[in-house]
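Novice: Go ahead and model the full structure; you've got the sequences and the hints to work with.
Taken in sequence, the protein lines are chains A and B.
In terms of my numbering, the first sequence opens at residue 1 and continues consecutively.
In terms of my numbering, the second sequence opens at residue 1 and continues consecutively.
Think of the hints as simulated: they come from the structure by calculation, not from any bench.
For each residue, glycine too, the CB sits at the ideal point set by N, CA and C.
Hints may be right or wrong, so weigh each one.
[What the hints assert, rightly or not] Cross-link-like lysine-lysine pairs, in silico, DSBU-like; alpha carbons within 30 Å at most: (1) A:LYS33 with B:LYS390; (2) A:LYS384 with B:LYS26; (3) B:LYS33 with A:LYS26; (4) A:LYS117 with B:LYS71; (5) B:LYS71 with A:LYS26; (6) A:LYS383 with B:LYS33; (7) A:LYS71 with B:LYS117; (8) B:LYS329 with A:LYS384.
[Unchecked claim] Stretch by stretch, here's where chain A covers chain B in the computed footprint (C-beta under 8 Å, at least three residues): (9) 4-15; (10) 42-54; (11) 351-361.
There are 2 protein chains.
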Amino acid sequence: MEAITKPTILSGVLELSPEDQRLFEKMLEVIRKHFTRHAYYPLDTTVMEKSEVLLAKGGGETEKQIYRFEKGSNDISLRFDLTVPLARYVAQHFSELEFPFNRYQIGKVYRGERKQKGRYREFYQCDVDIIGHNTLHVLNDAQIPKVMDEIFQELRLPHYAFFINNRVILNAYLEKIGVTDPVETLRILDKLMKIGEEKVKEELLLAGITQAEEVLAIARITGTNTERLDALTCLCDSDRYKQGVKDLQTVYEGMLALDIPEDRIVIDPTITRGLDYYTGTVYETFITDHEEIGSICSGGRYDNLSSHYTKQELPGVGMSIGLTRLFTKLREDGLMEIETDPVADVAIVTFPGTEIHALRLANQLREAGCAVMVQLEKGKIGKKMQTIDKRGIPHVILLGEDEVKNGTATLRDMHTGEQVTKKLDEVIADLV
Amino acid sequence: MEAITKPTILSGVLELSPEDQRLFEKMLEVIRKHFTRHAYYPLDTTVMEKSEVLLAKGGGETEKQIYRFEKGSNDISLRFDLTVPLARYVAQHFSELEFPFNRYQIGKVYRGERKQKGRYREFYQCDVDIIGHNTLHVLNDAQIPKVMDEIFQELRLPHYAFFINNRVILNAYLEKIGVTDPVETLRILDKLMKIGEEKVKEELLLAGITQAEEVLAIARITGTNTERLDALTCLCDSDRYKQGVKDLQTVYEGMLALDIPEDRIVIDPTITRGLDYYTGTVYETFITDHEEIGSICSGGRYDNLSSHYTKQELPGVGMSIGLTRLFTKLREDGLMEIETDPVADVAIVTFPGTEIHALRLANQLREAGCAVMVQLEKGKIGKKMQTIDKRGIPHVILLGEDEVKNGTATLRDMHTGEQVTKKLDEVIADLV
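Specialist: Following this line, the structure appears as structure tokens:
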């Protein structure tokens, strides 16, 4: 008798049950379909990267979470997102690629985060990005949320909205009103949704930002999207600011042209998406009435994706779905409305001596397009039917000795319990 | 100007070009389709496992290749195959699973192998396994190669054959002829295909295995599969041996019943699949005329999958495609016969002022099922057409100011160069 090792996994990683995994795969299939219809190229970068390359940008927060190790003479890190590897890939293969280069990637990323409910250390991201060479038209920023919108519609997500903004607006505005520490100001403003206006004001004043009222003025803009754009236009007259508002308006109009309904777009001048990285459009996506889930899909425009790896100017825009988190949240909160088909259209139950006939029949049914499971084990018929029922398989074919002798099969409808014995051909015809 | 880090990846890992990745994705799609039609559940275990769990079995060769590291208090290893994680998963979730449990998994595995052409340190495996509880009918061993056969047929692989054997045959035979060191004998016999009969005989004698002639007798069995089975039956009369031959025969008959043609099955009593792990049926798959590629899909039956993790008896059978290696080999040797569709059915080229109209048109076309790319950048029309042509997109819509004014579009066939200006509706109708 050998020693038994307790079968467990690392904490903070997720493994699904077979049925939940089927649901997850269905989501992946929908996502891939729409990315493909929008002509994004798939890309599959390595999970292990050279640490010096992956961490070229440096930066404290992320770096602490990296899974980093040595093997032989290699200093290796597991990727923590799909954007840095994209930047590296595009710089590396610059001369072979056609621009604009539009790619999607679905893959696992790794972050050794502190333990926290709903946070995972290994999780799927689904990214789309469009990378230009030297220039990238601002209307690309409308194409990115459109493909996400198609995906979310087919996944039957509860009502959600894309919150969009342009970072230039806030930056230029803060400059105009004389804020000398825009980074700290934005950091505090970013808490607006969590802590409310009063607290934000307190914190701003505490940080010595005397323009707290003017900062909050931009957050108080309300009304329809058109009203918001109008209000924004009037708020400040620097040229840079005006260009930011104009770009935001163009993206908004592009989204409407792409048939994203008005009620799924919110122009929100307080959206900042962290404090570095993005330089223009920024997006967050919230499920209405479930903002506690956090943003389910976010991203933005960056002036120069690959600046750490190449002197080429490669502006880009992209969004990313945190799919593992989205899946578990929808599942937990009962918001998952899509369903999978049963794992098989039909299960064939064999009896001693009929197994090989069952294989032949299974083959005919599969060639006709059915998903078929063959039950070959000996055992009580009741237990077999129970397993088939638990798996949600709607039909069973019972193939006994008599059936084989007569060239028939018994077809049972698992919902109604009805059972008929018919010629094999007729049974196949019934199922196809 | 910031410092530039040279964008490179670790040696021994593979990243494909966007077009090659599309081909790889097509292979994945075909594989998933057939696994699904055979009612295998998808499974997605974690890439990072606890080292003590992953390495519970111990074993020198593999262990040296493991990517293993610590993070916080965790001793972590990257999975080196999909079978050990399956064993762990099934033991861990034993009470929630229905048996037989049939699952597929497609995922990357990690092996820090010595540098060698055609070997990768990160590569895809595509596995199917059927796991029983206490018993597992031997005809399951015929179902496993069948799903692989369907996949290889749709992938239009050059002629290949499944080489099948049952380990019991060789083991019982060696016992019967009085070989005291079967492990060493099998190790040497395993080289037959590489070094030939003479050398094998020399090595056997050198190792003190005096029954070299009798050992080779089993390797010299030739003829049709039926003739081979007959010859095997006559070779030895121990009960265990006879059971081995009978099981091999059953698997063979099952494969025929499942419509795998005779010429894609080779009963080969020298196939051993390494020296531990497998206990019954073993499979290797070779491309005829390209045996130097090595086995492209292999596996077998193991008596007790999860013995390191549970006292439950869980016999299993499975096969695995080394997809990264298969893909690169087919590509390099010009044996890849499948093709992808173009990345888009149509590209819309815009002119200043028509961009938003192009988005609207793109949306209509996508809703009608077309894959559409929108070209928004300013620039020379010739260069744009070149990029579209390189991408193999068969149609272009030119949307200029005049076209927008007249509600028309100009449709160009990229193969013939023909170009017509028509009403928008007609252009859409032409493409759908």
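Novice: Please go over all the hints and tell whether each is borne out by the structure.
Specialist: Hint-by-hint comparison with the structure:
1. A hinted pair counts as satisfied when its Cα atoms are at most 30 Å apart, and A:LYS33 with B:LYS390 qualifies at roughly 23 Å.
2. For the hint linking A:LYS384 to B:LYS26, the alpha-carbon distance of about 36 Å lies beyond 30 Å, and the restraint is violated.
3. As the CA atoms of B:LYS33 and A:LYS26 are separated by approximately 12 Å, the hinted pair is consistent with the 30 Å bound.
4. About 20 Å separates the Cα atoms of A:LYS117 and B:LYS71, which keeps this hinted pair within 30 Å; it holds.
5. For the proposed pair B:LYS71 and A:LYS26, the alpha carbon gap of about 33 Å is over 30 Å, so the pair is violated.
6. For the hint pairing A:LYS383 with B:LYS33, the CA-to-CA distance comes to about 29 Å; that is within 30 Å, so the pair holds.
7. Using a Cα cut-off of 30 Å, the hinted pair A:LYS71 and B:LYS117 holds, with the two alpha carbons roughly 20 Å apart.
8. Among the hinted pairs, B:LYS329 with A:LYS384 is inconsistent with the structure: their alpha-carbon atoms are about 43 Å apart, more than 30 Å.
9. Here the region 4-15 of chain B counts 10 residues with a CB under 8 Å from a CB of chain A, which clears the bar of 3, and the coverage holds.
10. Evaluation of the coverage hint for the region 42-54 of chain B: fulfilled, as 11 residues show C-beta separations to chain A shorter than 8 Å, against a requirement of three.
11. Counting residues of the region 351-361 of chain B whose CB lies closer than 8 Å to any CB of chain A gives 5, so the stated coverage by that chain holds, three being the minimum.
Checked against the numbered hints above, the structure violates hints 2, 5, 8; every other hint is satisfied.
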